[in-house]
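Enquirer: Chains as they are written, first to last, in my numbering: chain A, 28 to 254; chain B, 28 to 254.
It is worth saying that the hints were derived from the structure and are not from the lab.
Hints may be right or wrong, so weigh each one.
Intra- or inter-copy, both count: the list cannot distinguish identical chains.
Result set (DSS-like, lysine-lysine): computed pairs, CA atoms no more than 25 Å apart in a straight line [what the hints assert, rightly or not]: (1) K34 / K181; (2) K142 / K81; (3) K185 / K142; (4) K34 / K185; (5) K142 / K181; (6) K185 / K81; (7) K34 / K142; (8) K81 / K34; (9) K81 / K181.
2 protein chains.
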Amino acid sequence: MAEHTVKAFDEDITRLRGLVAEMGGLAELSVAEAMDALVTGNQDLADGVIARDKRIDQLEGEVDRLSVRVLALRAPMADDLREVIAALKIAGVIERIGDYAKNIAKRVGHIEGRKRFEPLTLLPVMNELAGDMVHDVLTAYAARDPIAASEIVKRDAKVDAFYDSVFRNFVSYMVENPATISSVAQLMFVARNIERIGDHATNIAEMVYYAATGTYLPERDDVIPPA
Amino acid sequence: MAEHTVKAFDEDITRLRGLVAEMGGLAELSVAEAMDALVTGNQDLADGVIARDKRIDQLEGEVDRLSVRVLALRAPMADDLREVIAALKIAGVIERIGDYAKNIAKRVGHIEGRKRFEPLTLLPVMNELAGDMVHDVLTAYAARDPIAASEIVKRDAKVDAFYDSVFRNFVSYMVENPATISSVAQLMFVARNIERIGDHATNIAEMVYYAATGTYLPERDDVIPPA
Numbered sequence: 028m029a030e031h032t033v034k035a036f037d038e039d040i041t042r043l044r045g046l047v048a049e050m051g052g053l054a055e056l057s058v059a060e061a062m063d064a065l066v067t068g069n070q071d072l073a074d075g076v077i078a079r080d081k082r083i084d085q086l087e088g089e090v091d092r093l094s095v096r097v098l099a100l101r102a103p104m105a106d107d108l109r110e111v112i113a114a115l116k117i118a119g120v121i122e123r124i125g126d127y128a129k130n131i132a133k134r135v136g137h138i139e140g141r142k143r144f145e146p147l148t149l150l151p152v153m154n155e156l157a158g159d160m161v162h163d164v165l166t167a168y169a170a171r172d173p174i175a176a177s178e179i180v181k182r183d184a185k186v187d188a189f190y191d192s193v194f195r196n197f198v199s200y201m202v203e204n205p206a207t208i209s210s211v212a213q214l215m216f217v218a219r220n221i222e223r224i225g226d227h228a229t230n231i232a233e234m235v236y237y238a239a240t241g242t243y244l245p246e247r248d249d250v251i252p253p254a
Numbered sequence: 028m029a030e031h032t033v034k035a036f037d038e039d040i041t042r043l044r045g046l047v048a049e050m051g052g053l054a055e056l057s058v059a060e061a062m063d064a065l066v067t068g069n070q071d072l073a074d075g076v077i078a079r080d081k082r083i084d085q086l087e088g089e090v091d092r093l094s095v096r097v098l099a100l101r102a103p104m105a106d107d108l109r110e111v112i113a114a115l116k117i118a119g120v121i122e123r124i125g126d127y128a129k130n131i132a133k134r135v136g137h138i139e140g141r142k143r144f145e146p147l148t149l150l151p152v153m154n155e156l157a158g159d160m161v162h163d164v165l166t167a168y169a170a171r172d173p174i175a176a177s178e179i180v181k182r183d184a185k186v187d188a189f190y191d192s193v194f195r196n197f198v199s200y201m202v203e204n205p206a207t208i209s210s211v212a213q214l215m216f217v218a219r220n221i222e223r224i225g226d227h228a229t230n231i232a233e234m235v236y237y238a239a240t241g242t243y244l245p246e247r248d249d250v251i252p253p254a
């Protein structure tokens, strides 16, 4: 590429990475706040998470449009092309993490007898595990660090195991407390959403690895507990 | 583009569309077979769905690699660029539909007392609605038909309403039949997976529309019932 094109390309990439980082920061915040809202019953906080999802969706649209423009105008090669493709795909995954957080926030009004509701106490730790994966994979993306990314992939098994245990616990709780079935059913979906957030952090880690190295991490077998 | 490049590009696009169509056909088959396996308790059929998911994942990898190669070697513009980006994104969505079908198949061994199990009888119709959306959106993709694609988007509300009703029914059933809670909890996730399959058919429809017209369908507000 000519020098001025290289400069313009670098500016585009910086902007693209900035948009992805902004999306990621918002999604990370939503994951944490959705759980806070669920535990405390804070509807305003939940509404904030739901509203923020629109902004995340808009940012994804911006990433899509800018990626297509960069591909069209600059026709990048090799590393640069991988960088653009990775941004495009990572933005899609962050958008889904935002959706999961929104989905958790939407359940806030559907939990009855929140105080001393044992099933609810199991979820914050699980959420923190998944939220930390999201945080760390965004850091790995910002640092273009494939080693850090590959470490994050390994942590997903812990979230999956947690989910498995929570699912069994919830079933037992419903059997013993039929009056709470509707609320616990809501929490089952919350647990599942958290488990999926961990999966998606893993997906991002795989793309960070690919963008940085041009090779794929060895395929992992998806654990979809408990079925 | 020079004439030989145009020809090579057309061949690449034909191959790309062929891969996406193949993925779509496999995913559609999995959606139907997963429900059959669930209703009949046919574990072999379920295992086939689970095995097929690996093939779908492989095909997605092929679409990714070919897309990147086409972008790198041919640097397509305008319509052609949209075509490649749409194939890349649609492949990602079909892969997720395959995952949902696999997830349903994995629950086949976890349903007790399958015969005359009322909650199970609600799901095939819902699955057919979502499966038809998948089938029709693939047809719209093959025909590059934005009008057909936009019609499919409207049908998702019906799947969402069905899900909402199924969810309430399942909660009532669990309250009245605590011994079945574990099985019904599995079916709740199945219902949710079907609802997501409808969402993803909608996502594909939006991309078909974009690829064909260069403009976006008006934003719809995601219904995430029942929370």
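Enquirer: For a quick check of understanding: which of the numbered hints are violated here, in increasing order?
Expert: Those not satisfied are hints 1, 2, 3, 4, 5, 7, 8.
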